[in-house]
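Note that the protein sequences, when read in sequence, are chains D and R. Per UniProt numbering, the first sequence starts with residue 1, numbered consecutively. Per UniProt numbering, the second sequence starts with residue 1, numbered consecutively.
Treat the hints loosely; a few may be bogus.
Repeated chains share a single entry, so a pair holds when one copy, or any two copies, can fit it.
[What the hints assert, rightly or not] Under the rule of at most 27 Å between Cα atoms (straight-line distance), these lysine-lysine pairs were calculated in the DSSO-like manner:
| no. | residue 1 | residue 2 |
| --- | --- | --- |
| 1 | Lys150 | Lys74 |
| 2 | Lys93 | Lys161 |
| 3 | Lys99 | Lys38 |
| 4 | Lys74 | Lys138 |
| 5 | Lys131 | Lys74 |
| 6 | Lys99 | Lys224 |
Keep in mind the hints are simulated off the structure, nothing from the lab.
One-letter residues, chain by chain:
Number of protein chains: 2
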Amino acid sequence: MYEDLKYWYLRDHKLFRTLSYSQIKQLCIITGFKKASKGEIIYFSSSDVPRIFLLKKGNIKIVSIDDDGNETIKDIIQKGDLFGELTLETDNKVEEYAKVLSDDVAICSFLMSDFEDLLLRNPTLALSYTKFVGLKMKRIKNSYSNLISKDAKTRLYQFLKDWAESEGAVNGNSVTIENYLTQNDIAQIICTSRQTATQLLNEMEANQLLSYNRKEIIIQDITKL
Amino acid sequence: MYEDLKYWYLRDHKLFRTLSYSQIKQLCIITGFKKASKGEIIYFSSSDVPRIFLLKKGNIKIVSIDDDGNETIKDIIQKGDLFGELTLETDNKVEEYAKVLSDDVAICSFLMSDFEDLLLRNPTLALSYTKFVGLKMKRIKNSYSNLISKDAKTRLYQFLKDWAESEGAVNGNSVTIENYLTQNDIAQIICTSRQTATQLLNEMEANQLLSYNRKEIIIQDITKL
DNA sequence: AGCAAAATGTCGGCTAATTTACACTTCGCT
DNA sequence: AGCGAAGTGTAAATTAGCCGACATTTTGCT
Numbered sequence: 001m002y003e004d005l006k007y008w009y010l011r012d013h014k015l016f017r018t019l020s021y022s023q024i025k026q027l028c029i030i031t032g033f034k035k036a037s038k039g040e041i042i043y044f045s046s047s048d049v050p051r052i053f054l055l056k057k058g059n060i061k062i063v064s065i066d067d068d069g070n071e072t073i074k075d076i077i078q079k080g081d082l083f084g085e086l087t088l089e090t091d092n093k094v095e096e097y098a099k100v101l102s103d104d105v106a107i108c109s110f111l112m113s114d115f116e117d118l119l120l121r122n123p124t125l126a127l128s129y130t131k132f133v134g135l136k137m138k139r140i141k142n143s144y145s146n147l148i149s150k151d152a153k154t155r156l157y158q159f160l161k162d163w164a165e166s167e168g169a170v171n172g173n174s175v176t177i178e179n180y181l182t183q184n185d186i187a188q189i190i191c192t193s194r195q196t197a198t199q200l201l202n203e204m205e206a207n208q209l210l211s212y213n214r215k216e217i218i219i220q221d222i223t224k225l
Numbered sequence: 001m002y003e004d005l006k007y008w009y010l011r012d013h014k015l016f017r018t019l020s021y022s023q024i025k026q027l028c029i030i031t032g033f034k035k036a037s038k039g040e041i042i043y044f045s046s047s048d049v050p051r052i053f054l055l056k057k058g059n060i061k062i063v064s065i066d067d068d069g070n071e072t073i074k075d076i077i078q079k080g081d082l083f084g085e086l087t088l089e090t091d092n093k094v095e096e097y098a099k100v101l102s103d104d105v106a107i108c109s110f111l112m113s114d115f116e117d118l119l120l121r122n123p124t125l126a127l128s129y130t131k132f133v134g135l136k137m138k139r140i141k142n143s144y145s146n147l148i149s150k151d152a153k154t155r156l157y158q159f160l161k162d163w164a165e166s167e168g169a170v171n172g173n174s175v176t177i178e179n180y181l182t183q184n185d186i187a188q189i190i191c192t193s194r195q196t197a198t199q200l201l202n203e204m205e206a207n208q209l210l211s212y213n214r215k216e217i218i219i220q221d222i223t224k225l
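Sequences are here, hints too, so could you generate the full structure?
Right, here's the structure in full:
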């Protein structure tokens, strides 16, 4: 990969924005680049050397298999997000992999050990990274407490609001979301059965809160959710 | 407070164990010390300057109030744990406070800004701290996914196992836990109603899995849980 | 175009667990 | 010692949402 390309990729993430061109260039830590298409599975825990990944394009879901063999969606990663062993500790206990949701994705990665060295040499970056991990933790806490204390309907509403906020195209009070999730995915994210999710979505459509199809979701009036 | 005392307090947490005596002494970041007794409430978010706290003695619970005014237990902090704005970002959105569970507690604290400076000057510490926050995140993720996918009984069993492991006095296969929680607390932690928790605990007692009273819980055979 | 697989829609029975309601016990305090 | 508050025990009614079962629609593939 060309030096300039590396620079551009890293520079694009807000975490690295504070580093100068020469700093990034000097570090040269990007060691992998990968393209993949819809439905493909990318293993990243265990396997070879521990890495941190940056999703450059598209969407993926992080899925884990529990003891009973059920799939659970752990996270949805969007363009620009980091994923992988963000805690800088490898654990082989959890069996996780990523599955491509959008038509195609571009992923770049670097070695965890290289990243650690970088953090050691750039205390400011280390501090930013700590805050970044902390923010991620806060988000998780927040979404989980929703899962626990609210009913399925409220959870779906909250999920749609969050999704609309992070990715929706706003047009007045109406928001259009590119829908790369199946109803089953949505059900898993809000921790309910597929049937319940279907029922709730149809109910919302009947109440003219949104219009749903496999390509996009249009929320008529985001303020009414 | 005497310099030596400060040193001792910090030194006691594994995070600071790598720092030399002179380093800690030089930094002198402990700026607060506090004792409190059972039932007392300690506010730590919002209010004055942001701080990080270290619980030296006793047990506290972190409680938050949601929109509807219900109390939720966010975390149980044990002797030696850090708490407060561990993410190094203050947010005033969440209304959280700590409540003392044990007879009395000792808490020391330092300013978040001082701690940030310290991290900037000690990259190794910064890295350790990041991993520490990451570990905390992993624990939270794990306990939440238990909450979501398992039924109340399994959750209670898991909670008791965890509690026994972190604090229990082992004696062969039997483990004795000092019980500073009410059944209501336990119910909140495992996210069920007080009645269900009571019922399950009595059921376990009837099945001779444990003996419960307000002072202690004795698990007859930890391997059978 | 045609077929299999994946995704969506719909229905009732079933069950864990919440809710409501109340009695009893223990604790902390003056 | 005695009282109120907090904690614990128990039971019945109610319900959200899971599960199984199936029909229909849409997609991707050759």
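Verification of the supplied hints:
1. Lys150 to Lys74: Intra 19 Å, inter 16 Å, cutoff 27 Å: intra and inter.
2. Lys93 to Lys161: This pair counts as between: shortest inter-copy Cα distance 18 Å, intra-copy 33 Å.
3. Lys99 to Lys38: Answer is within: at 8 Å inside a copy they meet the 27 Å cutoff, but 50 Å across does not.
4. Lys74 to Lys138: both (15 Å within a copy, 12 Å between copies)
5. Lys131 to Lys74: both (21 Å within a copy, 20 Å between copies)
6. Lys99 to Lys224: neither (33 Å within a copy, 37 Å between copies)
Comparing the model with each numbered hint stated earlier shows that hint 6 is the single one that does not hold.
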